[in-house]
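These protein sequences, in sequence, are chains A and B. Residue numbers for the first sequence follow UniProt numbering, so the first one is 1 and each next one is one higher. Residue numbers for the second sequence follow UniProt numbering, so the first one is 1 and each next one is one higher.
These aren't lab readings, by the way, just hints derived from the structure by calculation. Glycine included, each C-beta is placed from N, C-alpha and C at the ideal position. Heads up, a few of these hints could be off.
[To be verified] Chain B regions said to be covered by chain A (calculated; three or more residues, Cβ under 8 Å):
no. : stretch
1   : 35-41
2   : 45-55
3   : 71-81
4   : 132-146
5   : 180-193
[As the list claims (entries may be wrong)] Take a look, some chain A residues computed to stay more than 12 Å from chain B by CB distance:
no. : residue
6   : L75
7   : L79
8   : V131
9   : N286
10  : T342
11  : A346
12  : N358
13  : Q364
14  : E368
15  : D385
16  : Q396
Protein chains: 2
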Amino acid sequence: MAYRFANRIKELKTSPLRENASKNMELKDVISFAYGFPPVEAFPMETLQKISQKLYTEVDPETFLQYGASEGYPLLRKLVKERLATTANLQNEEQVLITSGSTQAMDIAVKVLCNEGDVVLCEEQTFSGAVNAIKGYGAIPIPIPMNVAEESVDLEALEELLRFDQRIKFIYLIPTFQNPLGTSIPLEKRQAIYSLAQKYDVLIFEDDPYGDLLYYGEPIMKLKEMDTDGRVMYAGSFSKILAPSARLGFIMAPDEIMEKLALAKQVSDSHTNFYWQVMLAEFMQNHQFEEHVSELKLYYKGKFEAMIAGLEALPEDKIQFIKPTGGYFICCKMADELDPETFYTALDEAKVAVIPGNVMSVAQEGYEHYFRLNFTKPTLSEIVDGVKVIGEALKQATPASYKQVI
Amino acid sequence: MAYRFANRIKELKTSPLRENASKNMELKDVISFAYGFPPVEAFPMETLQKISQKLYTEVDPETFLQYGASEGYPLLRKLVKERLATTANLQNEEQVLITSGSTQAMDIAVKVLCNEGDVVLCEEQTFSGAVNAIKGYGAIPIPIPMNVAEESVDLEALEELLRFDQRIKFIYLIPTFQNPLGTSIPLEKRQAIYSLAQKYDVLIFEDDPYGDLLYYGEPIMKLKEMDTDGRVMYAGSFSKILAPSARLGFIMAPDEIMEKLALAKQVSDSHTNFYWQVMLAEFMQNHQFEEHVSELKLYYKGKFEAMIAGLEALPEDKIQFIKPTGGYFICCKMADELDPETFYTALDEAKVAVIPGNVMSVAQEGYEHYFRLNFTKPTLSEIVDGVKVIGEALKQATPASYKQVI
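Work out the full structure, taking the sequences as your base and the hints as a guide.
What follows is the structure, encoded as structure tokens:
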């Protein structure tokens, strides 16, 4: 029979990222810089085993096997709040709600805020899941032109959009260790963005799944830390510092929004699984969770430096990148003269996987010279070998005419 | 600041069930027949502990801690399919997708099928979560008048609705051990409903979270078993036979719908947590899962019979009910002459919790004489004592004038 689907779902396509993932997962001996995955050795197996054993033998099963509150496990909510007060300077009166990953936090935020036809502004290059979340409610993602060199959205362009588009409900940003760029919006730009949000009275969704993974320097103040008005929704995730499959994220928001988010969460899936909520609470309370995060940071920093060293050895006139101070990704740009198609074909043939820039851009075009590299999942030797392959592919992508000229 | 919320969310109110739940959960020494919860002793702790231990010591963590496919764990999907082929006679070629409870199955079904203003027909008394899922996408739940004595929707009323309302996208039904009625639509009525769906070319969502819990007689053929056209989406749940907090449900649907559901699932929360997917797969493969379900059925049957015995001892002229053949609930109707407000107040004072019919009806009114009783969660002695309290409350709710007349 012929099915008639909702309009909102027609706009969505399976994330190209996911299609790539399925394709690549079938291949053996691929070096993958594609996924934003943790490596298997990042999982704190012994601690998890110990806590799980404790749950099944010492903890009341009503706590972790029964239905529970849509907002989440009260102890975990308290611990997350306390952690944010320590790691960031988030000492406000707002609550957090536990979501199934920060992906779900964005999904329910769009659900409670956007009518069909409303607009959410996004960084031009951004997380495709967030773009899908927006389209999934019939809202419209509009890209904010970026100033990549300044590690920020273009503030004038942002103001232009805010001034003329009355449909804008909120601005979606990944200010810290951006996906796919890896960069972080500097403090003064964050302040300017917050001021613009005030001036044009729109909300901000600050997505911060990588924020804990700082390798150099001091953390930059979060937008949420500047939030005197209650206009920032702040989402975090434990996918990168505990385990993705635990599906644990959270959102902090002003009470009035929180009330609606809890309702949307309840309608969506009743609540996030409590086994993992209790596991994490126990981890945070009694098993040196912060030490685990520190160890992860050291480990990832080593891989990060290996990738940076490899990339720095490549010819500057063929590839450029901004060195992030943390996170999961490094974003590279091949020289304008290079042919992206030849480049990606060469990588495919050499079985090195990266994410082409268009996949991670709102318009799905215009970023073919950019590509995203993940350094957390591959091994050190894969990083060394894979980056060399990238160098070879850059050579192959250099047009003959260009080669002759230089 | 003043927030402007999406229209769709304004229609939603916190489920009164949930409000009651929070209120009652604070009270000690309440006898609760209110929640659709399993009792703590229903959780197979030893088996879960054993399997969990195995996961952390013998299984590749990539299987249960890493990101995974939105459709779910391939082995679990296969096992669920095989189980449906055995427990029901579902031997079709369709796939299942693992959801976070069957609640999420309904949520994503509405998302992919309903534009704002589209209609979903529901049994007049039904699961409030499903009604919220419909409203949550700006679609409209319209109640189908029921013939409670015949344990079915009123077929003529259903046809009337189908004939005149072009906005109808699908019919939402809980045909087996209905929530809140406990009753099951007889075979010939199911066939008639399916024929009407064919005649007016609409889809059916068959929600079956209680279907495994048959205490008497033979299972009735599912609507999905009759589905020659690919017009039935079938959702099941492991909340009632494993553990609610595992958040494991599934949906079976024709390929073309499944493709959209997988997309909606991905956008919503990437995937359901894999720890529980692998736990359940291992349970089903190597730990006598069906014996566990059989034990549950025996255990619940004992509680069911205790409640039925108690209810049968109450005066027939004050209370009536239809005896279900399985599931979680018995629905009672007090005599029309009785005053519901007095009845519910008397129960509150005696600390016995039930769910008033209006809470579980689409229109939120017209069912004040009905109330739902759960028999799985309370102990046997709570069942005996609580039903006596109901008898007392019925007496108090009998108007003086009525008492004098009879």
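Comparing the hints with the structure gives:
{"no.": "1", "hint": "35-41", "in the structure": "holds (count 4)"}
{"no.": "2", "hint": "45-55", "in the structure": "holds (count 5)"}
{"no.": "3", "hint": "71-81", "in the structure": "violated (count 0)"}
{"no.": "4", "hint": "132-146", "in the structure": "holds (count 5)"}
{"no.": "5", "hint": "180-193", "in the structure": "violated (count 0)"}
{"no.": "6", "hint": "L75", "in the structure": "15 Å, holds"}
{"no.": "7", "hint": "L79", "in the structure": "18 Å, holds"}
{"no.": "8", "hint": "V131", "in the structure": "10 Å, violated"}
{"no.": "9", "hint": "N286", "in the structure": "17 Å, holds"}
{"no.": "10", "hint": "T342", "in the structure": "31 Å, holds"}
{"no.": "11", "hint": "A346", "in the structure": "27 Å, holds"}
{"no.": "12", "hint": "N358", "in the structure": "19 Å, holds"}
{"no.": "13", "hint": "Q364", "in the structure": "16 Å, holds"}
{"no.": "14", "hint": "E368", "in the structure": "24 Å, holds"}
{"no.": "15", "hint": "D385", "in the structure": "21 Å, holds"}
{"no.": "16", "hint": "Q396", "in the structure": "32 Å, holds"}
Consistency note: the structure conflicts with the earlier hints numbered 3, 5, 8.
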